[in-house]
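Undergrad: Please put together the full structure from these sequences, using the hints given.
Residue numbers (this note's numbering): 78 to 562.
In silico lysine-lysine, DSSO-like type, Cα no more than 27 Å apart, as pairs: (1) 291 with 260; (2) 133 with 210; (3) 290 with 207; (4) 234 with 208; (5) 554 with 280; (6) 280 with 290; (7) 280 with 244; (8) 208 with 133; (9) 234 with 290; (10) 280 with 384.
Keep in mind that the hints were calculated from the coordinates and are not lab data. Since the structure is predicted, the reported quantities are computational estimates derived from the model, not experimental observations.
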Amino acid sequence: MWYVSTRGMAPRVDFEGALFSGYASDGGLFMPEELPQLDRETLCQWSTLSYPGLVKELCALFIGSELIPKDDLNDLIDRAFSRFRHREVVHLSRLRNGLNVLELWHGVTYAFKDLSLSCTAQFLQYFLEKKEKHVTVVVGTSGDTGSAAIESVQGAKNVDIIVLLPKGHCTKIQELQMTTVLKENVHVFGVEGNSDELDEPIKAVFADTVFAKKHNLMSLNSINWSRILVQMAHHFFAYFQCAPSLDTHPLPLVEVVVPTGAAGNLAAGYIAQKIGLPIRLVVAVNRNDIVHRTVQQGDFSLSEAVKSTLASAMDIQVPYNMERVFWLLSGSDSQVTRALMEQFERTQSLNLPKELHSKLSEAMTSESVSDEAITQTMGRCWDENQYLLCPHSAVAVNYHYQQMDRQQTSSTPRCCLAPASAAKFPEAVLAAGLTPETPVEIVALEHKETHCTPMRRGDSWTLMLRDTIEDLSRRWKGRVLNASQ
Numbered sequence: 078m079w080y081v082s083t084r085g086m087a088p089r090v091d092f093e094g095a096l097f098s099g100y101a102s103d104g105g106l107f108m109p110e111e112l113p114q115l116d117r118e119t120l121c122q123w124s125t126l127s128y129p130g131l132v133k134e135l136c137a138l139f140i141g142s143e144l145i146p147k148d149d150l151n152d153l154i155d156r157a158f159s160r161f162r163h164r165e166v167v168h169l170s171r172l173r174n175g176l177n178v179l180e181l182w183h184g185v186t187y188a189f190k191d192l193s194l195s196c197t198a199q200f201l202q203y204f205l206e207k208k209e210k211h212v213t214v215v216v217g218t219s220g221d222t223g224s225a226a227i228e229s230v231q232g233a234k235n236v237d238i239i240v241l242l243p244k245g246h247c248t249k250i251q252e253l254q255m256t257t258v259l260k261e262n263v264h265v266f267g268v269e270g271n272s273d274e275l276d277e278p279i280k281a282v283f284a285d286t287v288f289a290k291k292h293n294l295m296s297l298n299s300i301n302w303s304r305i306l307v308q309m310a311h312h313f314f315a316y317f318q319c320a321p322s323l324d325t326h327p328l329p330l331v332e333v334v335v336p337t338g339a340a341g342n343l344a345a346g347y348i349a350q351k352i353g354l355p356i357r358l359v360v361a362v363n364r365n366d367i368v369h370r371t372v373q374q375g376d377f378s379l380s381e382a383v384k385s386t387l388a389s390a391m392d393i394q395v396p397y398n399m400e401r402v403f404w405l406l407s408g409s410d411s412q413v414t415r416a417l418m419e420q421f422e423r424t425q426s427l428n429l430p431k432e433l434h435s436k437l438s439e440a441m442t443s444e445s446v447s448d449e450a451i452t453q454t455m456g457r458c459w460d461e462n463q464y465l466l467c468p469h470s471a472v473a474v475n476y477h478y479q480q481m482d483r484q485q486t487s488s489t490p491r492c493c494l495a496p497a498s499a500a501k502f503p504e505a506v507l508a509a510g511l512t513p514e515t516p517v518e519i520v521a522l523e524h525k526e527t528h529c530t531p532m533r534r535g536d537s538w539t540l541m542l543r544d545t546i547e548d549l550s551r552r553w554k555g556r557v558l559n560a561s562q
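TA: Here it is, written out as structure tokens:
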């Protein structure tokens, strides 16, 4: 299995190459050169698998046994999920009036990113230990990515992790989950800016390809193919849990509602659809609605500013994984994709060509949800089910309630992805007039020592980042030297 850049100007790589690269050298994102096609028989065989079983099958398909033999791969995935609180890893709650909520948040940090990052970190360490190499992971976060990335690699001897968080733009719990991990290989910076602004210095250090290569830099944001790969399993599990029966011809459809910010889960769902999973995608966003405008009108352009919402992890203006979707829609045409993305980067505005837009609106539908609708949805779900939704999950469930209220009952089952636990968002739970339920592990964060280096307005964030990276490389070389003496 080979991977190519969506922009077509970078050499193709294998899974290991894509894992360690993040962005391709031409600024594009890695995608499989050819997508396998799953037949009915394979889908029927997979339908009885557990969530970890589905991850194993998908990874075997896209990684290749010459890179990670099947037994090793299965061990890595079992290890990745060993710290999850639910025995199923991912659990479907079947609630009143046909509401299905797929809980993707039973990992250490109570968010869906634990699923893909715990696997990605195992793959990383597998390759690093074989080659006795070191990497520095650089992550920008709007809330959940940072803590999940830290948890997945904390204490690893071949990995240092630098996380930039937007000070005051995460919830208190999200911030504490990052700043209380006092491990030698964890380095957290609090940036006086929003999540789009803190992406700038990260992009700058990766754009210096000589520097990035010299210091073995890599990213664990959802630009990383490995994360998209694992996230495909959410859609397969949702399908098999909600499909009424696989005995019909053609196989039944299931509608999957995907709340999204950077569009990683959406790209994963669209790839799942392309390789043969019969799902209909609904993309649900908050008031930062660039993906909604793109689906509805073909208008992929920035708003004047990021809007702060209750679903803060989705307060993102640049959903970079849409590049993967555009590439697939264009029939893997890297020339078209490169022209579109370069125009967007130059002008921050793009109208999709008519043909591409009509393919997009055939592939998925969309909605944008206000804070008021989020709190109303949280309240209604509690009243009807005594079930607390996080604000991001409420963005998805809002669509379900809208369809119900319009009496647009269809025989197609629907599954709403729930990316985080309500326990992480007590402020939003209170805003909905409900009582937060806080697990002991989260209460304990309040009393832990914290460490976070400020990046203030007026500082050169890029320079601070470069200095930290250089310092970590020196330390690693020193350790290797001492070990060899």
